[in-house]
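Protein chains: 2
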Amino acid sequence: MHRSIEGVHLSDDQRLDWLRLIRSDNVGPCTFRSLVNHYGGAHRALAALPDLARRGGASGPARVCSRQEAERELTAARSLGVALVALGESDYPRRLMMIDDAPPLLAVRGSPAVFGLPIVAIVGARNASAAGIRFAERLARDLGAAGFAVASGLARGVDAAAHRGSLASGTIAVLAGGQDHIYPREHADLADAVAADGALISEMPLGWEPRARDFPRRNRLISGLAVGIVVVEAARRSGSLITARFALEQGREVFAVPGSPLDPRAEGTNGLIKQGAIMVTEASDVIAALEPILGRGLDLPAREPEPPSSADVEPGDDERARIVSLLSPTPAGLDDLVRLSQNTPAIVRTVLLELEIAGRLERHGGGLVSLV
Amino acid sequence: MHRSIEGVHLSDDQRLDWLRLIRSDNVGPCTFRSLVNHYGGAHRALAALPDLARRGGASGPARVCSRQEAERELTAARSLGVALVALGESDYPRRLMMIDDAPPLLAVRGSPAVFGLPIVAIVGARNASAAGIRFAERLARDLGAAGFAVASGLARGVDAAAHRGSLASGTIAVLAGGQDHIYPREHADLADAVAADGALISEMPLGWEPRARDFPRRNRLISGLAVGIVVVEAARRSGSLITARFALEQGREVFAVPGSPLDPRAEGTNGLIKQGAIMVTEASDVIAALEPILGRGLDLPAREPEPPSSADVEPGDDERARIVSLLSPTPAGLDDLVRLSQNTPAIVRTVLLELEIAGRLERHGGGLVSLV
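The listed protein sequences correspond, in order, to chains A and B.
Position 138 (the first sequence) corresponds to 138 in my numbering; numbering is contiguous.
Here my numbering runs 1000 ahead of the position in the second sequence, where the first position is 1.
Simulated from the structure, these hints should not be mistaken for laboratory data.
Glycine included, every Cβ here is placed at the ideal spot set by N, Cα and C.
Among these hints, one or two may not hold up.
[What the hints assert, rightly or not] Okay, the calculated bits of chain B under chain A, using three or more residues with CB under 8 Å as the criterion:
| hint | segment |
| --- | --- |
| 1 | 1251 to 1265 |
| 2 | 1272 to 1282 |
[Said to hold, decoys possible] Simulated coverage check for chain A against chain B, where a stretch passes if three residues somewhere in it have a Cβ under 8 Å from a Cβ of chain B:
| hint | segment |
| --- | --- |
| 3 | 25 to 36 |
| 4 | 149 to 161 |
[Stated by the list, open to error] A few chain B residues that don't get close to chain A, going by computed Cβ distances all over 12 Å:
| hint | residue |
| --- | --- |
| 5 | Arg-1023 |
| 6 | Cys-1030 |
| 7 | Arg-1067 |
| 8 | Arg-1078 |
| 9 | Ser-1079 |
| 10 | Met-1098 |
| 11 | Pro-1292 |
| 12 | Ser-1370 |
Generate coordinates for the entire structure from the input sequences, incorporating the hints supplied.
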C-alpha cells in the first residue's frame, strides 16, 4: 500500500504534537522521522520519549517540549504572521520535501505562493566585490523574468543582492535563526520587502538567535529548496561551498560564476568549475541547463511508511547491552551492528533511537553511528 | 618507400631556390608544397612558374623572385644575425613542421636551441588589465620553471608580459612583419632581450612592414609552434580567439583563464571555457593537461612524397577549358571537379596549380577552391 507524501493536512492537535516533538531535546528532522515511523505518530512518540531517553542511558531527564510551550510558540507565530507548515502540506516547498533531513515544520512568513515557482538559489561571499554584487542582482532579475523564484540566505553581499534583484518576481530568504531574529539586523527592512511578495522560512523556533553552527545547517535548506544553485563569489573554504556540497548531495545542479585567478573571491567558484560545475556568465546559462530538468517535472516519490511498530520489537536489557557494547566513538554501520549483535534490524534501530534521544548517539553520513 | 621529413639539410643553391620560390607572386606555403611535389624540386618549379601562370590565364606576367633578390635577402639576413631555416632542417621547430601551411623557410633570430623545449603559447589582449598582465607574467615564469618555452606575439599587454616572464627560461616571439620590422616599435628592446636566450621568428621577408591582415596569418604560427595555447584575456572577436581557432584546427590543446562576466576582456576566455577549453588558474592546470601529451613524444609522420610528376599529366587545352568552366566564385571540391570534368585527379590538380600561380584561384578550408 502506497501513500503519497502530498495532500497531508494536520489538525490543530496534530500540529501541536509535531511541534512538541521537533522542539524536544535530541530530536532533529531525521530522528523525528524515525520516531513517527516507529510509534505510528507524533503523539505516541511524545509519550514514549522519557522512557526512550531513560533506556538509552540519558544523564538526566531529557527535556520534552510541553504542550504549553508549543501553544505559546504557535500563538506568537500567528501574531507575527508566521505559519508553521508541516512536511507534506500543500504550502510546503515541494523540492524541500525530498531531502533526507527536511524539517517536519517550517516557519513561513510571507506568501507561500512563491514556492510554486521553480526555484534557483543564488549564494556567495558576504564581502563580495562591487562586480559580484552587480552580477548577482542582474542574474536574480533575469532569472525572475524567466519565471524562477530566487532563494538565498539574506546575508550581506551576494545574498542581499540576489534578494533585491528578485523582490518583484519572487524571492525566498532562508534564516539561520528564528523568524523574529533577522540576521544581520540591518537587513530587517530587506526581510520585510522579501515577505511582501516572497517568503522567509526557518526551521528554528521563535526567539532563536543564530549561532555560527546554525548557518551550515541552514545552508542545506537553501540548496534543498532549489533545482540548482549558483555560487557567485566564494573564497576557498567558504560557506557558499558548503551549500554547493549540500546541493551535490541532494542531486541539485551546481553553477558557478568565474573570476580572475588573482581574485581570492573567485578561488571557490573557479574551483567548482574545474570540478564540473556549470559556468555561468549570464542567466541563459542557468536556464538552458535547468529547462530539461524542469521539463521532466517533479515526481514526488510515494513513500511507504514503515509499518507502525509494536512492543514486540522492544529490546530486552541483554540485547540493549550487547548492542551498546558494540558501539564506540568510532562510527559503525547498521548492518555490522545487526550481524555482530545477532539481533533484528528493528531491535537495533530501536536501541539506536533510545541512545539518540538520550543524547548519546551521533549520526554520520552513510548510515554510520557512533557514541558521543 | 617512406622518407622522413626530418634530417634535411639544404645546399646553398637549394636554399636560394626555396627562397626564390616562396618569395614569388601567388606562392604561399601550400602552393610551394604542391609545386615542389609536382615538379620534384624548387629549381624545376621555378622554371615552370611563368608557363604555369600563362596557362592559368594570368592578367600579366607573374613576378618570379630573381636570384639576385634572393641573394640580397640572404646576405641582409646574415648581417642581422638572421638564419633562414628550411622546413625539415634540424633548427626548424618540430611541431610547426606538422601544420599544413608550415612556412618552407623561417627567418630565425636568436638561439634555435629554444625550439628543443616543449612550447606553450600564451596570448591575450593588448589592452589587458593589470591583473591579466600580472597573471600572464607569473604563468610564463611558472611554465618556464617547469621546463616549457613560452611563445607569443610580442604585442602590448599579455604577449609582452608572457615574454618578460620567460626571458630567462626560454621565449619565442613570432613576428607578423620582417625581422627588421619589430612591431610595436617600443618593443625593440624586448625583442633584443628575447633574442638573447630565446628566438624571434618570421615567415615574412626582410623589409616587410606588417599590415593588419598579416597578424591573423602570423597567429597560426604561434599556435603551430606549441603543444597548447593559453588565452589570458580576450574580448569577443579578438585576435586571440583567432589563434585559439587555429590551435583547434591544428589539434593543439586550448586553455583559457577565467574572468568576471562583467569584464569585457573575459568574454572571449569565458566563452572558450564554455566551449570546452581547459580552465587555467595556475601553471599546474596547464602542466597536468600537457604531461600526457608530451609523454607520448612527438611522432613526426614519415611523409611519402608524391612521385615526381611528369609531362604526361600535362593537361591539354580542352581539358583545361573544361575544368575552368566548372569553376566559379562559389567554392567547389576537387572530387566534384574530377567527376564532372571526367579527368584524372592529377590533371585537375595541375590546372588548379596553374590558376593559383596566375593569381586566379582561391583555396578555402576542406579542399574547396573558387575563382577569384
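Quick rundown of the hints versus the structure:
Given a C-beta distance limit of less than 8 Å, the hint that chain A covers the segment 1251 to 1265 of chain B holds, as 7 residues qualify and 3 suffice. Beta-carbon proximity to chain A at under 8 Å applies to 6 residues in the segment 1272 to 1282 of chain B; the threshold of 3 is reached and the given coverage holds. Restraint check on the segment 25 to 36 of chain A versus chain B: 0 residues with Cβ-Cβ distances below 8 Å, three needed, restraint violated. Check on the segment 149 to 161 of chain A: 0 of its residues sit with their Cβ under 8 Å from a Cβ of chain B, so the three-residue criterion for coverage is violated.
Once the 12 Å rule is applied to beta carbons, Arg-1023(B) is consistent with being away from chain A; the minimum gap is 44 Å. The Cβ of Cys-1030(B) sits about 37 Å from the closest Cβ of chain A, beyond the 12 Å cut-off, so the non-interface label holds. Here Arg-1067(B) stays apart from chain A, with its beta-carbon at least about 54 Å from theirs, past the 12 Å limit. The beta carbon of Arg-1078(B) sits about 44 Å from the closest Cβ of chain A, which is more than 12 Å, so the claim that it is off the interface holds.
Remark: the non-interface label on Ser-1079(B) is consistent with the geometry, its nearest Cβ contact in chain A lying 44 Å away (cut-off 12 Å). Distance check for Met-1098(B) against chain A: the nearest CB is about 30 Å away, which clears 12 Å, and the non-interface claim stands. Annotated as non-interface, Pro-1292(B) keeps its C-beta farther than 12 Å from every C-beta of chain A; the closest such distance is 17 Å. Every beta carbon of chain A lies more than 12 Å from that of Ser-1370(B), the smallest distance being close to 37 Å; the non-interface claim holds.
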